[in-house]
Amino acid sequence: MSRVRVLVGTRKGAFVLTSDGKRDRWDVSGPHFGGWEIYHLKGSAADPDRLYASQSSGWFGQVIQRSNDGGKTWESKDNKFTYDGPTGTHLWYDGTPHPWGFARVWHLEPALRDPDTVYAGVEDAALFRTTDGGQSWQELPGLRTHTSASSWQPGAGGMCLHTILLDPSRAGRMFVAISAAGAFRSDDAGTTWRPVNRGLKSEGIPDPTAEVGHCVHRIAMHRSRPDVLFMQKHWDVMRSDDAGESWREVSGNLPSDFGFPIDVHAHEPETIYVVPIKSDSEHYPPDGKLRVYRSRTGGHEWEALTKGLPQSHCYVNVLRDAMSIDTLDPCGVYFGTTGGQVYASADGGDSWAPIVRDLPAVVSVEVQTLP
Amino acid sequence: MIRVVLPAHLRTLARVDGEVKVDVAGRVTQRSVLDALEAAYPMLRGTIRDHVTQQRRPFLRFFACEQDLSHEPPDAPLPDAVAEGVEPYLVVGAMAGG
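As you go down the protein sequences, you meet chains A and B in turn. Reading the first sequence from the start, the letters are residues 5 to 375 in the working numbering. Reading the second sequence from the start, the letters are residues 43 to 140 in the working numbering.
These aren't lab readings, by the way, just hints derived from the structure by calculation. Check each hint, because a few of them may be wrong.
Claimed, not checked - Reference listing, derived: stretches of chain A covered by chain B, where coverage requires no fewer than 3 residues with Cβ under 8 Å from a Cβ of chain B:
no., segment
1, 56 to 65
2, 126 to 137
Said to hold, decoys possible - When the alpha-carbon atoms are kept at most 20 Å apart in a straight line, the in silico DMTMM-like pairs for lysine to aspartate or glutamate are as follows:
no., chain 1, residue 1, chain 2, residue 2
3, A, Lys26, A, Asp351
4, A, Lys293, A, Glu253
5, A, Lys81, B, Asp77
6, A, Lys76, A, Asp24
7, A, Lys76, A, Asp53
8, A, Lys84, A, Glu41
9, A, Lys282, A, Glu253
10, A, Lys76, A, Asp31
11, A, Lys81, B, Glu80
12, A, Lys84, B, Asp92
13, A, Lys311, A, Glu286
14, A, Lys16, A, Asp362
15, A, Lys84, B, Glu80
16, A, Lys293, A, Glu274
17, A, Lys84, B, Asp59
18, A, Lys81, B, Asp122
19, A, Lys205, A, Glu249
20, A, Lys81, A, Glu41
Using N, Cα and C, we set each Cβ at its ideal position, and we do this for glycine too.
Can you make the complete structure from the sequences, with help from the hints?
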């Protein structure tokens with residue numbers, strides 16, 4: 005029977021949650037790296053026991069950890085993320101030029117077919133890559149040196165590159181998203197980039213339809229249709245059917261179109277999930293009800309999924325990297341909250357139960373489906 | 043032999059218990075002690091000093107012999123008691139709470 009392994013990054017350590025395919029009884033391991041912020045952990049699709057973790061601290065900076073045995077043991081790897089060449093400036097919150105400076109790794113994306121190759125999205129926004137399993141990291145500077153980069157500005161959480169999507173069917177095509185610069189696409193394995201934000205509208209920037217400057221919170225794709233992208237923006241849920249060339253809003257009947265994560269069902273490419281949050285200044289669910297919303301039509305028409313989720317006095321947030329999908333049938337959906345709960349649904353979102361209730365604030369959730 | 047006391051999180055990262063002892067060839071300074079420490083424990087590179095600038099990370103302090111040496115020049119000699127192994131060189135995480 006297949007198994008699942010849920011990798012949870014929190015403000016105070018990492019946790020590994022495992023279950024068989026029924027997904028009703030769980031073993032909990034952790035905290036790993038207790039006391040450190042774990043922004044993201046992710047396993048390699050090519051070697052599921054190869055895991056990478058971004059461990060950081062305001063005191064001690066960035067550490068990269070690697071496991072070769074599914075999270076039982078870890079070894080620290082190279083933590084030197086040095087921008088390639090002159091760093092230049094981006095805009096600071098007050099609109100003045102501010103020199104680029106490395107703060108932390110937000111997201112680690114292992115390559116689809118090589119467990120030693122991993123992409124790292126960092127703050128201040130840039131893309132790095134290792135091809136030796138984390139022994140060394142090199143920047144792919146074409147993104148940070150894009151002609152628009154001097155006009156990029158941080159979102160409230162920092163100017164972070166938080167989303168990396170690798171096209172499984174077109175070699176060299178990848179997407180990234182940066183808060184608050186927007187979405188970018190490369191068709192040459194990260195050497196050159198161009199903004200793909202046409203159709204986005206953001207009232208919080210001087211030109212609401214500008215080429216860059218949009219606070220994209222998350223992008224998701226289904227591996228069978230990599231030209232179809234779904235986006236949770238600061239406000240608005242968006243969809244592109246042409247690999248980001250153009251976007252249209254699909255917020256439909258959501259109670260709020262503000263939120264952070266978005267994800268796609270493993271077997272139904274038109275079924276997507278979001279977690280509406282009340283507003284950009286009130287980061288909790290509308291009406292104190294924690295509801296995942298599911299659209300089976302690729303947007304526009306949404307249904308609230310509430311069974312097993314708190315429907316009163318709930319004021320947690322669900323951060324951008326804190327939702328994930330397994331590939332079992334029926335498909336499992338997972339998300340973590342800033343209140344320390346990790347919820348799982350083994351039936352595509354129809355019903356939910358907490359795996360754990362009292363972890364530190366959850367930053368990221370990734371699930372692996374194991375043989 | 044120079045004695046170095048690390049904060050708990052860095053002891054865990056370096057997989058050591060208690061004090062760390064490092065050999066320093068030549069002058070015993072903050073720079074030479076930290077260079078020796080990072081050579082012996084490469085996983086500590088970047089966690090005490092910035093990789094590029096070699097500046098002390100802002101929320102760390104360096105103490106020895108009941109003195110705060112955090113703002114001393116990195117190539118200034120450390121107190122004789124540290125150089126002779128009588129007193130430890132302390133890397134301390136700045137207090138935070140509330």
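Taking the hints in turn, this is what the structure says about them:
1. 56 to 65: holds (count 5)
2. 126 to 137: Answer violated; 0 residues pass the 8 Å Cβ test.
3. A:Lys26 x A:Asp351: It holds: about 10 Å lies between the C-alpha atoms, which stays within 20 Å.
4. A:Lys293 x A:Glu253: Judged against 20 Å, a Cα distance of about 24 Å means the pair is violated.
5. A:Lys81 x B:Asp77: holds (19 Å)
6. A:Lys76 x A:Asp24: holds (17 Å)
7. A:Lys76 x A:Asp53: holds (9 Å)
8. A:Lys84 x A:Glu41: Judged against 20 Å, a Cα distance of about 18 Å means the pair holds.
9. A:Lys282 x A:Glu253: holds (18 Å)
10. A:Lys76 x A:Asp31: holds (13 Å)
11. A:Lys81 x B:Glu80: holds (14 Å)
12. A:Lys84 x B:Asp92: holds (9 Å)
13. A:Lys311 x A:Glu286: Outside the cut-off at roughly 24 Å; violated.
14. A:Lys16 x A:Asp362: holds (12 Å)
15. A:Lys84 x B:Glu80: The given pair, whose Cα atoms are some 14 Å apart, holds under the 20 Å limit.
16. A:Lys293 x A:Glu274: The given pair, whose Cα atoms are some 25 Å apart, is violated under the 20 Å limit.
17. A:Lys84 x B:Asp59: violated (25 Å)
18. A:Lys81 x B:Asp122: Not OK: Lys81 (chain A) and Asp122 (chain B) at ~35 Å, beyond 20 Å, violated.
19. A:Lys205 x A:Glu249: Measuring from Cα to Cα gives roughly 14 Å; hence the hint holds.
20. A:Lys81 x A:Glu41: holds (17 Å)
The structure is inconsistent with the numbered hints 2, 4, 13, 16, 17 and 18, although it conforms to all the rest.
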